[in-house]
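Undergrad: Protein sequence lines, in the order shown, are assigned to chains A and B. Using the numbering used here, you'd call the opening residue of the first sequence number 4 and step up by one each time. Using the numbering used here, you'd call the opening residue of the second sequence number 2 and step up by one each time.
Since the hints were made in silico from the structure, they are not lab data. Quick caveat: nothing in here was measured; it's all calculated off a predicted structure. All residues carry an ideal CB built from backbone N, CA and C; glycine is no exception. Wrong hints could be hidden among the right ones.
[As the list claims (entries may be wrong)] Simulated coverage check for chain B against chain A, where a stretch passes if three residues somewhere in it have a Cβ under 8 angstroms from a Cβ of chain A:
(1) 128-135
(2) 164-175
(3) 198-205
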Amino acid sequence: MISFLANPLRFKKFANVAAPIFGLLALFLIGSGLYFGLYNSPEDQLQGHSVRIMYVHVPAVWTGMAAYAGMAFASLLAYIWRHPLSDELARALALPGAAFTALGLITGALWGKTSWGTYWQWDGRMTSTLILLFLFIGYMAVWAGIDDKRRAARIAGLVAMVGSINLPIIKFSVDWWNTLHQTSSVSMPDAPGLPGSILLPLMLMTFGYTFFLGWLVLSKMLNKIASAKTRRKRPAAATTTLEKL
Amino acid sequence: MNSIGGLIVRDIRIALRSGGAWLLGLVFFAVFLSMSAIALGGEFKTLRPLAPALIWLAVVFSLLFSFEHLFSDDAEDGSLEHIKLSGMSMNAYVLAKVCAHWLLAILPLIIALPLAVLLFDLPTDILLGLFVSMVIASPALVCYGAFSGACLVGFKGGGFLLVLLTIPLVIPVLIFSVSGAVSFQNASLFQVLEFQALAGISLIAAAIGIPAAAAALNTVME
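With the rest of the complex left out, here is chain A (with noise of 0.2 angstroms):
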């Protein structure tokens, strides 16, 4: 599959076709999701319709923290094979996850001001998507910041595996930090308890998140292959001959 599409006129066949899909099943599944979410399920039992934030919450810190793993994986690649369409995969993914997780800490604010009576709580899960965040912001900045692009592409990278390796000790100490000073309990509806009405437009809204990160990424690579040809287009040919080959 990676072999396959390491090939960018392969890819670019492959991106026109999916990109336009992966769109529509994104609004398909978003649309759905959101009628099922807001107004075909039931209230829940302490939250009432407070509840309903989680459609919107869960999938998008979901989506983010996949963001960051498909992230560090294409830096890999890029880093192995030094393949300009993998760093442009790792490049198109930074931006999209970023406003994932952070629209996952907006939602995450409003839903904890309704329900746990504050906007923010140092709790353990929120500590780690807020330095998630700073993660995608410092790679999206060393990809600014220089001006040489494949230098740009090797640094930030380097900047991607390092934090992806980091990841789970910063989940390990900021949970165990978390329960050494937790002086109030906060818990998160966990997902086996679930029932169907609500798990539904969960899934639905999971898989639209994707696919609409899909199709957001496979865009972008699509007009970078654009925007590098014309960069490289030759002048017109002299010879008529030449046009035919």
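Assemble the complex: chain A is given as a structure, and chain B must be docked to it using the hints.
TA: Then chain B, alone, in the frame of chain A:
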């Protein structure tokens, strides 16, 4: 091995002849602590529980600002190319730089710890805890800082980005060091869970940070 030692001696000699610029980290450390004490009202009763965290923050920030020039001076005057041409591996070069930086930037802070502890009227147990946590955690700080410094060679206005890149990696160190320094009071050295975690983090940081910094430096000369 010889060349690593030679590089360390060279770095220390350059620093000593730089007119005391290497001591600015120590000055920043002192200024940061006094500013915190002033901002928090100067009462020992309120300062004492916060002091280990403040001292660690001062250490981290004083170090973070020192990494900006760790490699950029060598890259600008061309010595980096010469070292590369001499056939020395980049890993050995980074190792030498990291050791020299430990001696120049961290050792003064460790020596100054008793004075910092005096500022907050802390008991000796906490001083010992801070001392041990700094010795164990400092390799992690230097290795991750060296990685960020190597990434930002030739980057204009890199100071803030360096802080942004390094902070997420240093957060576990900060968490374990502060709580280790506090819980050291009523336990023996090998019982403190935090110090074991710190030792592990330092080893991982050395294993990742040094090769990653070397790889980042290689991109400068591609």
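Undergrad: Please check whether the stretch 128-135 of chain B has three or more residues whose CB lies within less than 8 angstroms of a CB on chain A.
TA: violated (count 0)
Undergrad: Counting residues of the stretch 198-205 of chain B with a beta carbon closer than 8 angstroms to any beta carbon of chain A, are there 3 or more?
TA: This one holds; 3 residues, not fewer than the three required, reach chain A with a Cβ under 8 angstroms.
Undergrad: Taking a Cβ-to-Cβ distance below 8 angstroms as contact, does the stretch 164-175 of chain B have at least three residues touching chain A?
TA: With 7 residues in contact (Cβ-Cβ under 8 angstroms with chain A), the coverage given for the stretch 164-175 of chain B holds.
In this structure, the one hint that does not hold is number 1.
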